[in-house]
Amino acid sequence: MSPLSRASRLSAFLLSFTIQGSWNYRTMLGGGFGFALLPVLRQVFAGPKLMDAVRRHVEHFNAHPYLAGLALGAAAKLESEGSDPEVVRRFKLAIKGPLGGLGDALVWAAWLPTTVLLGLVAYLVGAAPWLAVALFLVPYNLGHLTLRMWGFRAGLTWGHDVAHVLRDAALGHRAEWVSRAGVLLLGVLAGLLLTIDPARAMVALRGGALEPLWIVLSAGAFALGLLGGARAWRPAAMVAVGTVVSILTVAAP
Amino acid sequence: MTILGASLLGGALALDATSVGQLMVSRPLVAGLIAGSLAGDPRAGFMAGVILEIYLLVAFPVGGARFPEGATATVVAAVTAATYPEPGSLALAVGLGLVWGQLGGWSISAMRTLNGLIAPDPVRPAVPPARVVSAHLLAVLLDFVRGALMTGSGVWFARLAVERLAGRWPLGLPDTTGLLLVGAAVSVGILLQSFGGFRRRRVLFVTGLALGMLGGVLLP
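Sequence order for the protein chains is A and B.
Each residue of the first sequence is one higher than the one before, starting from 1 at the first, in this note's numbering.
Each residue of the second sequence is one higher than the one before, starting from 1 at the first, in this note's numbering.
Hints are computed from structural coordinates only; laboratory data are not their basis.
Here the structure is a predicted model, which is why all the values come from computation and not from measurement.
Ideal placement from N, C-alpha and C gives every residue a C-beta, glycine not left out.
Keep in mind that the hints are not guaranteed to be accurate.
[To be verified] Covered stretches of chain A (in silico footprint by chain B; criterion: 3 or more residues with CB under 8 Å from a CB of chain B, positions within the stretch not fixed):
| id | segment |
| --- | --- |
| 1 | 78 to 92 |
| 2 | 114 to 120 |
| 3 | 152 to 160 |
[Unchecked claim] If you want the footprint, here are the derived chain B segments under chain A, 3+ residues with CB under 8 Å:
| id | segment |
| --- | --- |
| 4 | 2 to 13 |
| 5 | 29 to 41 |
| 6 | 72 to 80 |
| 7 | 147 to 154 |
[Unchecked claim] Between beta-carbon pairs, the in silico distance windows are:
| id | chain 1 | residue 1 | chain 2 | residue 2 | range |
| --- | --- | --- | --- | --- | --- |
| 8 | A | M149 | B | L218 | 38 to 46 Å |
| 9 | B | W156 | A | L227 | 38 to 46 Å |
| 10 | A | Y25 | B | L160 | 40 to 48 Å |
| 11 | A | A170 | B | E86 | 49 to 57 Å |
| 12 | B | R168 | A | L227 | 34 to 42 Å |
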């Protein structure tokens, strides 16, 4: 088997940015995985073998989208080396759980909220809106793009043996450190929201300091969120109810 | 900003949220500034985005879970807040934005069910590459159209609501701030629990709280 061309590898990596484009409840990431791997499969196979390879790769698969590139790179290497299709299938089956769990813990539960909090805190202490946005977007995407590139490259390099790279990267340990930074920023945000003069940062809401009643209610709401967690509060649903009640109250004669 | 313009923006940002890129320009903090700028009042749009961001800090696209859609919610709220400067309009814009975010979450679930019908069937003996490409691109197009329709209908409805109700909003600006803060406080509590809980993180959280309060008092 010939080694994968640079164009095939680059195309697969770029297409992996749309890997969730056809996410569905039947094959989940399967369609997107097959779509992103097409440049590689087209180089390696032709005719009926190509259609069979495509069929194998649109089967059910799921992972965190940023880490799915690791499985994609590994699958590309395995296919280019002419590995047994059953070996490729078993590899994807084994790797999808860790890629989903680690990605969710590192990115969705730690990196994203922490970088968002950085932007929010920057705004509340006086940064211009564009700067606050930049302080969120730039660090977030540095981490995001690094993770994608690292994963795809690791998969391409190590193929079937990529699991040890994932273990050595200690993503769970990194998530813990990011979470700690997030907690500190969350505390800063809460402190600022309770004390800052609204006229200072919330230009659209200027009008003086908060009444103690609202601070007490906010403390109660915080405790509710802390104790009940997401089960006690679906933010949009609760606010939807609140909005409807408010509108009815306002509209009442 | 026209409803068509808002719809196109909402469609593009909806793509970023899950289908294409996920660079997070669809987060309320960013989307609010973009939508507000296009609607003629960046600061009002950004403010709506900041409030929604605090509310939606705990809404992440984890796995196949249904989550409120922040992108369309923010465009609805930011365009409304930027168009109507009255005190009550911001609260209504944020509230209606969140309602639309919830509806957007349901529409994503419906679209994903539809995607299941479009996706190539791996049980077939062979799948042509063209079948995979067309299904994938159609699903991406559907997501754009879905986001655009959700945003357009939301902006249209929010305009109707704000024009009729904003002037009758009973709270002044300080109390409106307080009301919005109460809702945001719940999200802060949930996020702390998600970060490990108060008992485990109390030292860091209280340190941050003290720093934040000090900063809030000392800031000029």
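Hint by hint, here is what the structure shows:
{"no.": "1", "hint": "78 to 92", "verdict": "violated (count 0)"}
{"no.": "2", "hint": "114 to 120", "verdict": "holds (count 4)"}
{"no.": "3", "hint": "152 to 160", "verdict": "violated (count 0)"}
{"no.": "4", "hint": "2 to 13", "verdict": "violated (count 0)"}
{"no.": "5", "hint": "29 to 41", "verdict": "holds (count 3)"}
{"no.": "6", "hint": "72 to 80", "verdict": "violated (count 1)"}
{"no.": "7", "hint": "147 to 154", "verdict": "violated (count 0)"}
{"no.": "8", "hint": "A:M149 x B:L218: 38 to 46 Å", "verdict": "holds (42 Å)"}
{"no.": "9", "hint": "B:W156 x A:L227: 38 to 46 Å", "verdict": "holds (39 Å)"}
{"no.": "10", "hint": "A:Y25 x B:L160: 40 to 48 Å", "verdict": "violated (34 Å)"}
{"no.": "11", "hint": "A:A170 x B:E86: 49 to 57 Å", "verdict": "holds (52 Å)"}
{"no.": "12", "hint": "B:R168 x A:L227: 34 to 42 Å", "verdict": "holds (36 Å)"}
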